Every structure is written in C-alpha cells, then in structure tokens.
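Protein chains: 2
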Amino acid sequence: MEKNDEFRAIGPCTYLCPIPAVMLGCADPENGLKPNLITVAWTGIVCSKPPMLSVSLRKSRYSYDIIRRTGEFTLNLISQELCRATDFCGVKSGWDMDKFEALGLTAVAAPPLTVAPALGEAPAYLSCKVKSVTELGSHDLFLAEILEVHVADRFFRSDGSIDEPKMKLVGYVHGTYYALSDALGFFGYSVASPEAQRRRENK
Amino acid sequence: MEKNDEFRAIGPCTYLCPIPAVMLGCADPENGLKPNLITVAWTGIVCSKPPMLSVSLRKSRYSYDIIRRTGEFTLNLISQELCRATDFCGVKSGWDMDKFEALGLTAVAAPPLTVAPALGEAPAYLSCKVKSVTELGSHDLFLAEILEVHVADRFFRSDGSIDEPKMKLVGYVHGTYYALSDALGFFGYSVASPEAQRRRENK
Numbered sequence: 001m002e003k004n005d006e007f008r009a010i011g012p013c014t015y016l017c018p019i020p021a022v023m024l025g026c027a028d029p030e031n032g033l034k035p036n037l038i039t040v041a042w043t044g045i046v047c048s049k050p051p052m053l054s055v056s057l058r059k060s061r062y063s064y065d066i067i068r069r070t071g072e073f074t075l076n077l078i079s080q081e082l083c084r085a086t087d088f089c090g091v092k093s094g095w096d097m098d099k100f101e102a103l104g105l106t107a108v109a110a111p112p113l114t115v116a117p118a119l120g121e122a123p124a125y126l127s128c129k130v131k132s133v134t135e136l137g138s139h140d141l142f143l144a145e146i147l148e149v150h151v152a153d154r155f156f157r158s159d160g161s162i163d164e165p166k167m168k169l170v171g172y173v174h175g176t177y178y179a180l181s182d183a184l185g186f187f188g189y190s191v192a193s194p195e196a197q198r199r200r201e202n203k
Numbered sequence: 001m002e003k004n005d006e007f008r009a010i011g012p013c014t015y016l017c018p019i020p021a022v023m024l025g026c027a028d029p030e031n032g033l034k035p036n037l038i039t040v041a042w043t044g045i046v047c048s049k050p051p052m053l054s055v056s057l058r059k060s061r062y063s064y065d066i067i068r069r070t071g072e073f074t075l076n077l078i079s080q081e082l083c084r085a086t087d088f089c090g091v092k093s094g095w096d097m098d099k100f101e102a103l104g105l106t107a108v109a110a111p112p113l114t115v116a117p118a119l120g121e122a123p124a125y126l127s128c129k130v131k132s133v134t135e136l137g138s139h140d141l142f143l144a145e146i147l148e149v150h151v152a153d154r155f156f157r158s159d160g161s162i163d164e165p166k167m168k169l170v171g172y173v174h175g176t177y178y179a180l181s182d183a184l185g186f187f188g189y190s191v192a193s194p195e196a197q198r199r200r201e202n203k
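Quick mapping for you: the protein sequence lines, in order, are chains R and P. Position 128 of the first sequence, counted from 1, bears residue number 128 in the numbering used here, the numbering being contiguous throughout. Position 33 of the second sequence, counted from 1, bears residue number 33 in the numbering used here, the numbering being contiguous throughout.
Take the hints with a grain of salt, since some may be wrong.
Any copy, or any two copies together, can satisfy a pair, since identical chains are not distinguished.
[Said to hold, decoys possible] Under the rule of at most 25 Å between Cα atoms (straight-line distance), these lysine to aspartate or glutamate pairs were calculated in the DMTMM-like manner:
| no. | residue 1 | residue 2 |
| --- | --- | --- |
| 1 | LYS3 | GLU121 |
| 2 | LYS168 | GLU201 |
| 3 | LYS168 | GLU6 |
| 4 | LYS92 | GLU30 |
| 5 | LYS3 | GLU81 |
| 6 | LYS166 | ASP5 |
| 7 | LYS34 | ASP96 |
| 8 | LYS3 | ASP163 |
The hints are simulated quantities; they were obtained by calculation from the structure and are not laboratory data. Fair warning: this is a prediction, and the values are worked out from it, not measured in the lab.
Sequences are here, hints too, so could you generate the full structure?
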C-alpha cells in the first residue's frame with residue numbers, strides 16, 4: 001500500500017458529497033395540523049426491500065417532535081426553481097412562521113399518509129412512515145419505510161418513463177447547492193455491449 | 001390541504017435523488033489484506049457530532065464480511081474521470097478480481113485506519129470505523145464514525161480553502177450518473193445580506 005502523501009487531513013467532518021438537500025413535509029398535531037417544511041441533507045437510502053431511508057434531525061428542531069408524534073413525513077425532491085425556498089426552509093424555523101405561507105407554496109395530500117403534506121411544487125415526493133428512532137449524538141436517526149412515491153405529471157414522457165433531466169435536480173456539496181448537468185452514463189454502462197448502450201441511450 | 005391530482009404514483013421505491021455514488025475501500029484479512037473497492041449509493045450522513053455516516057450493503061457482497069471483520073472502511077468521493085471505474089466497481093465483484101489492479105488504480109494508506117485502503121485517485125476520502133450493524137431486509141445498515149477526512153493537495157487554494165467545483169463531482173439519480181455544474185448558492189444565501197453574499201461569493 002502506498003503512502004498518502006498527496007492528501008491533506010482536514011479533520012473528522014461530514015465531508016460526504018454530493019448529498020441530497022430535500023424538503024421534509026410534516027404536520028403539527030398540536031397546532032391544528034399546521035403544515036411545515038424543513039430542509040434535510042442528513043438523509044440517504046438504507047434498504048431496497050423494503051424501500052427505506054434515513055433522516056437525521058436535532059431534537060431542538062420544530063419538526064422533531066412532530067415526526068415523533070405523527071410517525072410520518074414526506075421527502076420532497078427539489079428543482080433549481082425551489083433552491084432558494086429550500087435554503088430558506090433550512091435556515092428559518094417552523095416555531096416562528098408558517099413556511100408554506102411565507103413562501104407561497106402549496107401543501108398537498110400525500111397518500112397513503114394521513115396528516116403529513118407533500119410540497120405541490122416538488123418534482124416528486126416520497127411518503128414515509130417512521131420505523132425507529134436512535135440517538136446518535138447531535139442528531140437522532142429516524143429510519144423510515146417509503147410507502148409510496150409520487151412524480152409530478154409534467155415529468156412523464158409519452159412512453160411512461162420519467163424525464164429526470166427535466167427535473168433540474170440540485171445536489172448539496174459541503175455548504176453549497178449545485179445544479180446537476182450532463183448525464184455521464186447509466187448504471188452498468190462500463191460493461192454494457194455497444195448495442196445495450198445504444199438501446200438505453202436512445203430511450 | 002389540496003389534492004395531489006398533478007402527481008402520479010409509481011409505487012414504493014428508493015427514489016431519493018441525487019444521492020452520492022462513492023467507492024468504498026476495504027481490505028480482506030482472509031486474503032493477505034487484498035484491497036477491494038465497491039461502489040455504494042446507499043449512504044448518507046447521519047450525525048454531525050460525532051460525525052457519522054451510514055452505508056448499507058447486501059450480505060452477499062464480497063465486502064460485507066470484510067467490513068464486519070475489520071470494522072473499518074474508507075469512502076472515496078468520485079470525480080467525472082472516475083465515473084467509469086465507479087460504475088465498474090458497482091457491477092463487478094471482488095470475489096472474481098482485484099479491482100484496483102483491473103482498473104490500474106492505487107491503494108493508499110488511510111490513517112488512522114490500519115488495514116482499509118483509500119483510493120489514491122480520489123479527490124477526497126473519509127476514514128470510517130464501524131459502530132453498529134443492523135439488519136433491515138435486503139440490506140444491512142452499517143453506522144460508522146468518520147475518524148478523519150483527507151482531501152487531495154491539488155484541490156486546495158492558496159488561502160487553504162478547498163476548491164470543490166474543481167473536483168468535478170458526480171451525483172447519482174435513479175440509475176444514472178450526472179455531472180455537477182453551476183453553484184446555485186451557499187447555505188443561508190436566501191436570507192444573507194447583500195454584503196455577506198458578496199463576501200462569500202468572492203471567496
């Protein structure tokens with residue numbers, strides 16, 4: 001094994017990137033089911049069958065108790081047009097305002113969930129049910145099952161496939177939001193036959 | 001709450017995006033510490049203090065037993081130049097080949113880890129120690145503490161800050177790798193004063 005003398009240590013930190021920056025939707029049962037949005041970057045897929053993801057939250061966040069009580073939330077993918085609102089929902093607290101109202105955004109029903117809203121302006125959203133909560137330190141880890149996924153009608157092609165480039169998704173890199181641009185390849189492209197390659201890329 | 005009649009259900013699935021596609025490095029104690037790389041997209045940050053992340057793996061993967069036995073691994077960020085290798089390491093198995101050798105890649109020491117290698121060609125890597133393993137279904141969830149982060153020398157600016165756009169990072173969207181392009185804003189930009197905005201953007 002070679003030495004790592006072309007690298008510099010920057011200390012232990014959360015330097016995984018790019019990661020998602022998505023808007024979590026929930027509704028406050030203590031407050032007339034007031035809908036709230038909070039931006040989370042500490043999230044990721046943890047299982048394929050059943051489909052599950054993780055979300056980590058500080059106990060001090062307004063949404064923390066809501067999610068513990070209701071056991072459900074949505075994760076809303078974000079487009080470039082939603083980037084400023086996403087940032088706003090990561091900085092401002094639901095203790096102080098109705099963020100849907102402040103941003104002129106729309107809360108829509110998120111079946112099969114009963115109380116948590118989805119973001120009507122999102123390109124897609126995941127309806128999630130909490131399975132466990134674990135204390136880790138600054139953050140508690142929520143593991144949740146993805147019960148359903150909804151994609152906005154406008155992103156379906158006529159053949160029923162989903163036009164993800166059209167979503168203009170946003171990635172988060174160590175404190176900065178970035179636009180996604182060119183597709184570099186599909187899963188398996190490094191070993192695909194030229195014919196499979198053509199078939200897939202013409203889709 | 002409004003109806004969601006502008007959305008179409010696509011069934012429960014792992015539709016969180018973009019997510020990272022990173023190369024996990026480990027070394028096989030049963031096989032002369034042969035280094036291995038496996039691509040993981042089921043990963044995310046789960047805690048800030050201590051810095052922790054999750055990685056989910058199927059029990060059948062070559063790297064699964066290695067990580068359980070050694071309790072350590074690296075996560076290597078990937079650049080566009082590494083995209084094809086990343087895909088290859090997600091498709092091919094360490095049971096069948098030495099992927100470092102097959103791809104002409106370099107295994108480097110990853111202090112403070114003792115056996116797991118980092119990828120010398122990566123723009124940055126995280127040295128991780130396993131804290132727990134939980135069965136979820138198709139995948140087991142590894143929670144790990146990030147003990148150290150190394151960034152390649154060539155990405156430091158003269159003022160010591162890190163030039164992340166130069167890394168040309170790659171995001172993963174539902175089976176396709178995408179290049180990251182323009183920065184859209186920094187965390188807090190939606191509420192920053194014009195002066196703070198200028199200061200930050202000139203950095």
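Cross-check of the supplied hints:
no.	hint	in the structure
1	LYS3 / GLU121	between (49 Å within a copy, 13 Å between copies)
2	LYS168 / GLU201	both (19 Å within a copy, 22 Å between copies)
3	LYS168 / GLU6	between (35 Å within a copy, 18 Å between copies)
4	LYS92 / GLU30	within (20 Å within a copy, 51 Å between copies)
5	LYS3 / GLU81	between (45 Å within a copy, 22 Å between copies)
6	LYS166 / ASP5	between (42 Å within a copy, 20 Å between copies)
7	LYS34 / ASP96	within (12 Å within a copy, 55 Å between copies)
8	LYS3 / ASP163	between (44 Å within a copy, 23 Å between copies)
In terms of the numbered hints stated before, the structure departs from none.
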